[in-house]
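Chemist: Now for the letters of each chain:
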Amino acid sequence: MEKLNFRLTAARSAGGSRAQAIVGVVASGNLEVLLERASPADTCTIDIATAAHGFGAVWDAVVRDFVARRPAGGLRISINDGGARPDTVALRLAQGVRKIEEPER
Amino acid sequence: MTLDDILAGLFPNGHDIEAIGSIVAGRAILPDGGLIHLLGITRGRPLGANEAIVLAGRVIDIVKSGDRAPILVLVDSASQRMSKRDELLGLSEYLSHLAKALLMAEAEGHRTVGLLYGGSAAGAFIATALATATLVALPGAHPAVMDLPSMARVTKLSIDVLKAKAEATPVFAPGLDNMVQTGGIHVVWDETSPLAPQLAAVLERPAGQDDRGRLGAERGGRRKSAEIADRVVALAAVAQRGAQHG
Amino acid sequence: MTQVAANNVSLSWYEASARQRIDALVDAGSFCEYIGPELREISPHLSIFDLPEQFDDGIVVGRGRLEGSPVLVAAQEGRFMGGAFGEVHGAKLTGLLRAARALRQDVLILFDTGGVRLQEANAGELAIAEIMRAVIELRRTGLSVVGLIGGRAGCYGGGSLIAGTCSRLIVSEQGRISVSGPEVIETNRGIEEFDSRDRALVWRTMGGKHRYLIGGADTFVDDEALAFRQAAIDALKIKRGCDTTVLEAEQNRLERRLQRFGEAEDAVDIWQTLGIDAPTEIPALPTDAFLRAAKRRENADDAR
Chain A
2 MEKLNFRLTA
12 ARSAGGSRAQ
22 AIVGVVASGN
32 LEVLLERASP
42 ADTCTIDIAT
52 AAHGFGAVWD
62 AVVRDFVARR
72 PAGGLRISIN
82 DGGARPDTVA
92 LRLAQGVRKI
102 EEPER
Chain B
5 MTLDDILAGL
15 FPNGHDIEAI
25 GSIVAGRAIL
35 PDGGLIHLLG
45 ITRGRPLGAN
55 EAIVLAGRVI
65 DIVKSGDRAP
75 ILVLVDSASQ
85 RMSKRDELLG
95 LSEYLSHLAK
105 ALLMAEAEGH
115 RTVGLLYGGS
125 AAGAFIATAL
135 ATATLVALPG
145 AHPAVMDLPS
155 MARVTKLSID
165 VLKAKAEATP
175 VFAPGLDNMV
185 QTGGIHVVWD
195 ETSPLAPQLA
205 AVLERPAGQD
215 DRGRLGAERG
225 GRRKSAEIAD
235 RVVALAAVAQ
245 RGAQHG
Chain C
2 MTQVAANNVS
12 LSWYEASARQ
22 RIDALVDAGS
32 FCEYIGPELR
42 EISPHLSIFD
52 LPEQFDDGIV
62 VGRGRLEGSP
72 VLVAAQEGRF
82 MGGAFGEVHG
92 AKLTGLLRAA
102 RALRQDVLIL
112 FDTGGVRLQE
122 ANAGELAIAE
132 IMRAVIELRR
142 TGLSVVGLIG
152 GRAGCYGGGS
162 LIAGTCSRLI
172 VSEQGRISVS
182 GPEVIETNRG
192 IEEFDSRDRA
202 LVWRTMGGKH
212 RYLIGGADTF
222 VDDEALAFRQ
232 AAIDALKIKR
242 GCDTTVLEAE
252 QNRLERRLQR
262 FGEAEDAVDI
272 WQTLGIDAPT
282 EIPALPTDAF
292 LRAAKRRENA
302 DDAR
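Residue numbers (this note's numbering), protein chains in the order written: chain A, 2 to 106; chain B, 5 to 250; chain C, 2 to 305.
Source of the hints: derived by calculation from the structure; they are not laboratory data. C-beta atoms are modelled at their ideal positions from N, C-alpha and C, and glycine is treated no differently. Some clues are possibly wrong.
To be verified - Just the calculated beta-carbon pair ranges, DEER-fashion:
id : chain 1 : residue 1 : chain 2 : residue 2 : range
1  : A       : H54       : C       : N189      : 27 to 37 Å
2  : B       : S69       : C       : E193      : 38 to 48 Å
3  : B       : S69       : C       : R105      : 24 to 34 Å
4  : A       : A12       : B       : E222      : 45 to 55 Å
5  : A       : H54       : B       : P153      : 41 to 51 Å
6  : A       : D88       : B       : E171      : 34 to 44 Å
Stated by the list, open to error - Which residues of chain C face chain A? A partial, calculated answer using Cβ under 7 Å:
id : residue
7  : P38
8  : R80
9  : T188
10 : G191
As the list claims (entries may be wrong) - So, partial list: chain A residues that the calculated Cβ filter (under 8 Å) puts toward chain C:
id : residue
11 : Q21
12 : I23
13 : V26
14 : V27
15 : A28
16 : D43
17 : D48
18 : A50
19 : A52
20 : N81
21 : G83
22 : D88
Pulled out of the complex, with its shape left as it was, chain A reads as follows (with noise of 0.2 Å):
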């Protein structure tokens, strides 16, 4: 397995007030992703498990995009990665923070 990490500044922070969400599922072509409100409100950190390895630039370019695009701030995100695709895991982000940012029942 690769393990890559980031830490990114973040324009927004994320809302809400659910301490964690989980979205997706560890399967050929696809990824979860964890969210824990765990960094300061301008930081996301983001830590990837992958079992494809060389693909360091493909995961910088998404997950730049989604910090530079998402309210990101705030959020610790942890990635087990079963090889899915870039528009795959962007998308898997973005419901993530939709998710964690969702109002509590």
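Given chain A's structure and the hints, the job is docking chains B and C onto it.
Modeler: Frame of chain A, contents of chains B and C only:
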């Protein structure tokens, strides 16, 4: 040791056993005069619906007798029978039924001891040996979940690679030592010593909880099972108390 | 991905994830997870094989409510390692069943499993045995363990043996229950014995409709979370025993099954013997029509 040698070694006072195909059933008198029931699947045969229902029926007869005598389950089997017919007929229910019969016999006061003396695999192993309260083995026994060549095919790894990985962990490869280390087998008997006292020692163990997770932790083969199970129990209890107090 | 805000939104059980199933099954907002993904209790063994881990090791366990009544729930994620039992995965279910005994609560097991995880085969197999024992010990105190089967991985191998210890089984057409999988039978016995690529054969032999008809499952539902929820509510209403009377009744029904159907070559022969009209039509029948046709099924009430 052949089955005859094993039975002669276990029961110096003699034993009485009949074979129904690959199934054996009978009884023996222990050195202290007590009765012990004998059941088994032998000759490395697969365990199918027809065999499982016969064995289960015998267990039920024993429980109905109310004699609370222990049951020794002798195991030298292949895996479950792999056939269209057995699955069509619902093999899972037959194997579960046999396991339930053994589990309930123990609960009804019949100490159940499994003796793995040959092979056993997968569904057959679960329905017989692993359904007894205390599982012991003789050297030379060879339990397996799946044979290594089949595992290699399914995992798409070479046998050599699998063998190399098996050196590092007892958690997946077939073999008696691995099943001991992971806590599935309580003790491997010494075949060079009299067997009857070794059986007596097992029968003297008090009936209790399923301690295989604890054994696996102590022996290092399963370091997480008992801990995770215990933590779930503890968390559920705390949550319950929290809910009660509002 | 439909957001289920209350228990009234349609969701395919087959397509859903373990977490989506729990969400749709229990009363809204009532689920509290034990050893959740944030604790990262992953498999200690998959890294040896350079395989990816999942934070919950492929099973979600916890407590929820069904129409207000508390119940413990376990849901397997069939898409992670085929929903197979590994050391941690199995231990979470073992612990839940033991917790149920201490708390005096019923348990729902949402099966979605290919059996034992080969990379942790011995641990997986021992987990199956420990779970079966824990189910019976729980049932003997008068509590229920209800299995729900309708996921992509089916209920195979050791999972099917656990299912056989449950007090009730709820199955959809998509569900399959079998000890050996189609490929394993074909590999071991040849394609003449079982053609694993013949999907119709697989479903006739192991699928939900056949299991329901021969008494291998107790309730047949649509591939719909609300249907599974209602069936679970109904299943938990009736207390079922787990004693020698029940064991004997099961012995009788299983002996009778061998006598009645032991010579059958195919499921259609069995359905014919059951007295079902137009047995070859069974696979194509929608649920309502199937349930009407299934009136002559074998049942396992008080004999499971």
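Chemist: Now look at each hint and say whether the structure bears it out.
Modeler: Evaluated hints:
no. : hint                        : result
1   : A:H54 to C:N189: 27 to 37 Å : 36 Å, holds
2   : B:S69 to C:E193: 38 to 48 Å : 45 Å, holds
3   : B:S69 to C:R105: 24 to 34 Å : 32 Å, holds
4   : A:A12 to B:E222: 45 to 55 Å : 53 Å, holds
5   : A:H54 to B:P153: 41 to 51 Å : 29 Å, violated
6   : A:D88 to B:E171: 34 to 44 Å : 41 Å, holds
7   : P38                         : 5 Å, holds
8   : R80                         : 4 Å, holds
9   : T188                        : 22 Å, violated
10  : G191                        : 29 Å, violated
11  : Q21                         : 5 Å, holds
12  : I23                         : 5 Å, holds
13  : V26                         : 5 Å, holds
14  : V27                         : 4 Å, holds
15  : A28                         : 4 Å, holds
16  : D43                         : 22 Å, violated
17  : D48                         : 11 Å, violated
18  : A50                         : 7 Å, holds
19  : A52                         : 5 Å, holds
20  : N81                         : 5 Å, holds
21  : G83                         : 5 Å, holds
22  : D88                         : 16 Å, violated
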